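Trainee: These are the residues of each chain, in order.
Protein chains: 4
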Amino acid sequence: MQNVMDQAALERFIAEEFREVAGLLSVDEVTEQSVTLRLDPDDAHLRPGGTVSGPTMFLLADVAIYLAILAKIGPVALAVTTNAHIDFMRKPQAGVPLLGEASLLKLGRSLAVGQVMIRNPESDAILAHASMTYSIPPTR
Amino acid sequence: MQNVMDQAALERFIAEEFREVAGLLSVDEVTEQSVTLRLDPDDAHLRPGGTVSGPTMFLLADVAIYLAILAKIGPVALAVTTNAHIDFMRKPQAGVPLLGEASLLKLGRSLAVGQVMIRNPESDAILAHASMTYSIPPTR
Amino acid sequence: MQNVMDQAALERFIAEEFREVAGLLSVDEVTEQSVTLRLDPDDAHLRPGGTVSGPTMFLLADVAIYLAILAKIGPVALAVTTNAHIDFMRKPQAGVPLLGEASLLKLGRSLAVGQVMIRNPESDAILAHASMTYSIPPTR
Amino acid sequence: MQNVMDQAALERFIAEEFREVAGLLSVDEVTEQSVTLRLDPDDAHLRPGGTVSGPTMFLLADVAIYLAILAKIGPVALAVTTNAHIDFMRKPQAGVPLLGEASLLKLGRSLAVGQVMIRNPESDAILAHASMTYSIPPTR
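Quick mapping for you: the protein sequence lines, in order, are chains A, B, C and D.
Numbering-wise (my numbering), the first sequence opens with residue 949 and increments by one.
Numbering-wise (my numbering), the second sequence opens with residue 949 and increments by one.
Numbering-wise (my numbering), the third sequence opens with residue 949 and increments by one.
Numbering-wise (my numbering), the fourth sequence opens with residue 949 and increments by one.
Simulated from the structure, these hints should not be mistaken for lab results.
One or more hints might be untrue.
Computed cross-link-like contacts, BS3-like style, restricted to lysine-lysine with a CA-CA straight-line distance of at most 30 Å [to be verified]:
1. K1039/A <-> K1054/D
2. K1054/C <-> K1054/A
3. K1020/D <-> K1039/A
4. K1054/C <-> K1020/C
5. K1054/B <-> K1020/B
Just so we're clear, the structure is a prediction, and the values are computed from it rather than from any experiment.
With these hints in hand, go ahead and build the complete structure from the sequences.
Mentor: Set out below in structure tokens:
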């Protein structure tokens, strides 16, 4: 299935609709299969020892899957997360960005399901894996 | 099971160990069955329309369950969330604090499981429900 | 919110629509807040040591929440589980029935969310806790 | 990481330890990355319309991830599922086997995390996706 929003369009969407986290997040790569979102943590997102906090990884996962949906259906600002599951498997390295690679498992009329793998750049180790469901408003 | 940390001790723990979110969060009530944590959202935690974002509710749930564990076992700064599930059921009211009431479903030697109900004050409607598992380091 | 199906009506629904598991399951109690379903395990549902298997507890949770929805909206045979989370906390006693007490966290037009606590009779220890989301077909 | 149990060894393990479901399940393929388990549903696992029930897909997911762990660490009959999340995305075709392809996201000393994709043979559509955590007893 083709994308209807490319990397630049997704970047603009973050800048406009997620203003409060726009400085943290940038779109790293967009393909037909996935959207990879990058998070550059600042001090507010760290835990003792310099690792990134769980809620910050949740934020990365949530926005990454959201963008993977928008890439297919366009800028639907009102899609909402209905539930989320996240497994935290390894501590992120201190002072290193995170990459969240999101792909869709289902894109239905009213529900979409996506998953995301979170890694540090230049590492294969999966730090966290999340799956989330979004409700898509009927107006599209 | 009796508590080993009371409201004041949990407040101090947040101030010292969760410095980056300490201004957002305050301990509302501590009983033998539950710890209720309050989140006063600022502009950084809002979504268009004034509702609190999903990742902010995740943060409230994560810290509330963490404190419910610490109330029983004392200040173990290194307990980590191993996985989390959250259902988002209703949008929070705009400009209103959130209360997360956390209770433990299991407190084992190495794993603890807790759940949290998130509400607005003076409302019975459950906005979100989360269950999370924490790994407790062996040294305690 | 009042019930539109009582214990006898839910029992009949199981007998007709869940024929393949009807012998295992019986409705123990129905209140306005919850439906409690009982599972009497036979040898096919046991693991070594006589405890009930995880998938069997999942079955109990799934049907209990389903019935808690039907108690409110009537016999909608086509509601489907869209996702489920279950925490297994303690091993069930061998050779003892299980009770699953299900309550609804949300009953919307198209999505319902419920949770269930699984216990042995005459024990307070929670063996497993599940939360599940159901999609309700638009025709009701 | 190399396997310590191959397809034949995993088949024998099912026959001995999961006797009650052994007739339903067979090991379809074992690689270093994944274990694929096949479920041939009989009438007891169907819902009206001939689709396989949710609890039956949960059973397939649970055993598939369990075998993916055993393939790496050997026959540890006492590993237990501590929690599980499953998204049901599409209805299985009636009268058709299911394949569950399980891979590990983490294999730690005391916890292992795996995921599974459930499909019908000769189809790319993912019917369900699950992630599960297992506690591994310390004696190995």
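Trainee: Would you mind marking each hint as holding or not holding in the structure?
Mentor: Cross-check of the supplied hints:
1. Our distance criterion of 30 Å between C-alpha atoms is met by K1039/A and K1054/D, whose separation comes to about 12 Å.
2. In summary, the hint linking K1054/C to K1054/A is supported, as the alpha carbons are separated by about 23 Å, within the 30 Å threshold.
3. A threshold of 30 Å between alpha carbons decides the hint, and for K1020/D with K1039/A the separation of about 23 Å falls inside it, so the pair holds.
4. At most 30 Å may separate the alpha-carbon atoms for a hinted pair to count; K1054/C and K1020/C meet this at roughly 11 Å.
5. Taken as a hint, the K1054/B and K1020/B pair is honoured in the structure, with Cα atoms around 11 Å apart against an allowance of 30 Å.
In summary, the structure agrees with every hint in the numbered list given earlier.
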